[in-house]
Amino acid sequence: MTTRRQFLVLAGSTLAGTAAQAQLPANIEALRKAALAEAVRKVTGGAQVRAGRVKLDVPPLIDNGNTVPVSVEVESPMTAIDHVKAIHVFTEKNPQPYVMTARLGPRAGRARVSTRARIADTGKVLAIAQMSDGSFWSDSVNVVVTLSACLEDGLI
Amino acid sequence: MTRVVVNLPQRARRGEIIEIRTLAGHAMETGFRRTQLGELVPRDIITRFTCSYNGVEVFSAELHPALAANPLISFSTVATESGKLEFRWTGDNGYSATHTASITVV
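So the protein sequences, as listed, match chains Z and X.
Residue numbering for the first sequence follows our numbering, starting at 1 and increasing by one per position.
Residue numbering for the second sequence follows our numbering, starting at 157 and increasing by one per position.
It is worth saying that the hints were derived from the structure and are not from the lab.
For glycine and all other residues, C-beta sits at the position ideal for the given N, C-alpha and C.
Be aware that a few hints might be false.
Just a few of them, taken from the derived set where beta-carbon distance is under 8 Å, the chain X residues facing chain Z [claimed, not checked]:
id : residue
1  : I173
2  : V214
3  : F215
4  : A217
5  : E218
6  : P221
7  : A222
8  : S230
9  : S232
10 : T233
11 : V234
Taking the hints into account, I'd like the entire structure generated from these sequences.
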């Protein structure tokens, strides 16, 4: 037999669960994936992105998603004829996939940029380097986030 | 109000690669947060950062809400000649901050 206390607990949890889910579109994961793919396509213009030459350095386990050190290094001689034109950083689970675009040239001497990002949830971080010869190279890291950024209630 | 910090060596050898670290004091409000009453807090971020070396732009970055508050940007450049480096941050609601630093190349 269900007691009054059990009934109230059950009813409360079901209501809270449906209310939380109602705030989000059902296919949020697919939407975020599509947004990331769209952002990458905007940068590359549909060109092939190959893995390699880029070293993305993000801690694999993140305690606080509000400040995550991100650094990107690209193997390149950085000469006038062969250099990195831009470094793009994306995340998969944020409300927007963009994190930063750094534009550099042969005067950088070394293709290395670091910053601090907000990462909303456990997922992929992606760095894409745009070379002066028009090729694109990338590296991605899967990170685990324990305290999410952006949304305090964790609805992501 | 607009506080920025830039760290770079004061002297460098010609052709040396120097590391420049910059920090701007800014909340980088994402535009995705809500107040306790459920209203969206409007976006207020720095959108662009540039670094010029004696008037020539050597580095620039486009910033997005996914950058942490007080954005730190660290990059490098080749010390080619003595002179001035100018750093400029611009953003939403007319935000603008500049900083100049001089470098002696020997």
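Each hint tested on the structure:
For I173 (chain X), the interface hint holds, since its Cβ comes within 8 Å of a Cβ in chain Z; the closest pair sits about 4 Å apart. At about 5 Å, the closest approach between the beta carbon of V214 (chain X) and any beta carbon in chain Z falls short of 8 Å, and the interface hint on this residue holds. This hint holds: F215 (chain X) has a C-beta 6 Å from the nearest C-beta of chain Z, less than the 8 Å allowed. Hint on A217 (chain X) holds. Least Cβ distance to chain Z is approximately 5 Å, under the 8 Å limit.
Evaluation of the E218 (chain X) hint against chain Z yields a held restraint, the C-beta minimum of about 4 Å falling below 8 Å. Restraint check, P221 (chain X) versus chain Z: the minimum CB separation of about 6 Å is within 8 Å; hint holds. Annotation: A222 (chain X) was flagged as interfacial toward chain Z, and the flag holds, the nearest CB pair being 4 Å apart, inside 8 Å. Given the 8 Å rule on beta carbons, the hint for S230 (chain X) holds: about 4 Å separates it from the nearest Cβ of chain Z.
Against a cut-off of 8 Å between C-beta atoms, the interface hint on S232 (chain X) holds, since the closest Cβ of chain Z lies about 5 Å away. Residue-level restraint check for T233 (chain X) holds (minimum Cβ-Cβ distance to chain Z is 6 Å; threshold 8 Å). At a threshold of 8 Å, the smallest CB-CB gap from V234 (chain X) to chain Z is about 4 Å, leaving the interface hint in force.
The structure agrees with every numbered hint stated previously.
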